[in-house]
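The task is simple: from the sequences and hints, build the whole structure.
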Amino acid sequence: MDQLLSVFISVADKRNFSRAAEVLHMTQPAVSQQIQQLEKHVGAKLLLRTNKSVQLTKAGEIVYLHAKEITGLYKRMSMLVNELNNEPTGPLKIGASYTFGEYVLPHILARMKNLFPNIFPSVQIGNTRDIAKAITSHEIDVGIVEGEISLRNIYIKSVSTDQMYIVAGGKYPIYFNKEVTRRQVEQENWIVREEGSGTREATETLFQSLQIRPTKLMEFGSTQLIKEAVEAGLGISYLSELTVKKERMLGTIQVLNVKGTPIKRNFSVITESVELHTKSMNLFIELIEKYLKNQLLQ
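So the sequence shown is numbered by full-length UniProt numbering: it starts at 1 and just counts up by one.
Since the hints were derived computationally from the structure, they do not count as laboratory data. Since we're looking at a predicted model, the values are computed, not measured. Check before you lean on any hint, since a few could be wrong.
As the list claims (entries may be wrong) - Listed next, the in silico DMTMM-like pairs over lysine to aspartate or glutamate satisfying Cα-Cα at most 20 Å (straight line):
{"#": "1", "residue 1": "216", "residue 2": "231"}
{"#": "2", "residue 1": "75", "residue 2": "2"}
{"#": "3", "residue 1": "93", "residue 2": "13"}
{"#": "4", "residue 1": "259", "residue 2": "179"}
{"#": "5", "residue 1": "216", "residue 2": "186"}
{"#": "6", "residue 1": "216", "residue 2": "228"}
{"#": "7", "residue 1": "75", "residue 2": "13"}
{"#": "8", "residue 1": "157", "residue 2": "286"}
{"#": "9", "residue 1": "113", "residue 2": "286"}
{"#": "10", "residue 1": "113", "residue 2": "102"}
{"#": "11", "residue 1": "171", "residue 2": "228"}
{"#": "12", "residue 1": "264", "residue 2": "201"}
{"#": "13", "residue 1": "259", "residue 2": "188"}
{"#": "14", "residue 1": "93", "residue 2": "69"}
{"#": "15", "residue 1": "45", "residue 2": "2"}
{"#": "16", "residue 1": "75", "residue 2": "272"}
{"#": "17", "residue 1": "68", "residue 2": "39"}
{"#": "18", "residue 1": "40", "residue 2": "61"}
{"#": "19", "residue 1": "245", "residue 2": "228"}
{"#": "20", "residue 1": "52", "residue 2": "13"}
{"#": "21", "residue 1": "157", "residue 2": "130"}
{"#": "22", "residue 1": "113", "residue 2": "87"}
{"#": "23", "residue 1": "58", "residue 2": "39"}
{"#": "24", "residue 1": "216", "residue 2": "195"}
{"#": "25", "residue 1": "14", "residue 2": "139"}
{"#": "26", "residue 1": "133", "residue 2": "194"}
{"#": "27", "residue 1": "279", "residue 2": "289"}
{"#": "28", "residue 1": "259", "residue 2": "241"}
{"#": "29", "residue 1": "246", "residue 2": "228"}
{"#": "30", "residue 1": "14", "residue 2": "2"}
What the hints assert, rightly or not - Pairwise CB distance ranges (calculated):
{"#": "31", "residue 1": "293", "residue 2": "187", "range": "37 to 45 Å"}
{"#": "32", "residue 1": "53", "residue 2": "176", "range": "54 to 62 Å"}
{"#": "33", "residue 1": "28", "residue 2": "232", "range": "51 to 59 Å"}
{"#": "34", "residue 1": "28", "residue 2": "217", "range": "51 to 59 Å"}
{"#": "35", "residue 1": "196", "residue 2": "45", "range": "34 to 42 Å"}
{"#": "36", "residue 1": "36", "residue 2": "71", "range": "16 to 24 Å"}
{"#": "37", "residue 1": "59", "residue 2": "117", "range": "39 to 47 Å"}
{"#": "38", "residue 1": "117", "residue 2": "194", "range": "31 to 39 Å"}
{"#": "39", "residue 1": "293", "residue 2": "273", "range": "24 to 32 Å"}
C-beta: ideal position from N, C-alpha, C; glycine also.
Set out below in structure tokens:
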């Protein structure tokens, strides 16, 4: 059954029998036979062939969703059994929100590569909502996100806190005020992240905390792009201490002195049930905790 599901997933992903056969190192007739066996087993047509591609039927969509979960759990089971008496090895699928993924994760991966060269990480970067969804659909093994997470059947562990600052470009006029009032920041152009990101959630929380309602908002889908815009004087933003450390040292971005800031938020690791943690996952989480602890001590 595991083989049938793997073949079906490949055909569904490639939307083509020939391309799936190439990836699976099988002949096209063999792939077609496997699909027919699976359809006979579940008692429903799973794929519709057209001249150019293959489409999932309604039954196919249901089987595809559960097949991904089943094969993911089977691989996890095999890895857990294998790791009982062996060194951690094999793939580790990691998901991270933009702030953590772009500014912290590369340092941790470099450390892990030096200590455990037989662990092979792959990384998916997305906003907090995307990473949480990837955990629940078994697309990744472990996720690192910022902000509050409220999901059932998910293991959540806070690993560090993060300071959030209102920032402006080094030559931005509002910076030269000794203390910036809430009214002043409310009237400024705000450069914010998209809905669903941890940084956007933190920004909305900030607005509530300061009791302001800025009306001039510009949404950008990247923290790096926001920093560039802030440096250029396009507006102000609310960013993590980790993301602006270098720019503050260079003087291209400055923190605004606004009463009620900075505000702390959590970095959290999210996974499935802790009982399903592999050695690789636990070692990776330990490396995260050690790295962030050292950063706070600096």
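Which constraints among the numbered hints does this structure fail? Numbers only, ascending. none
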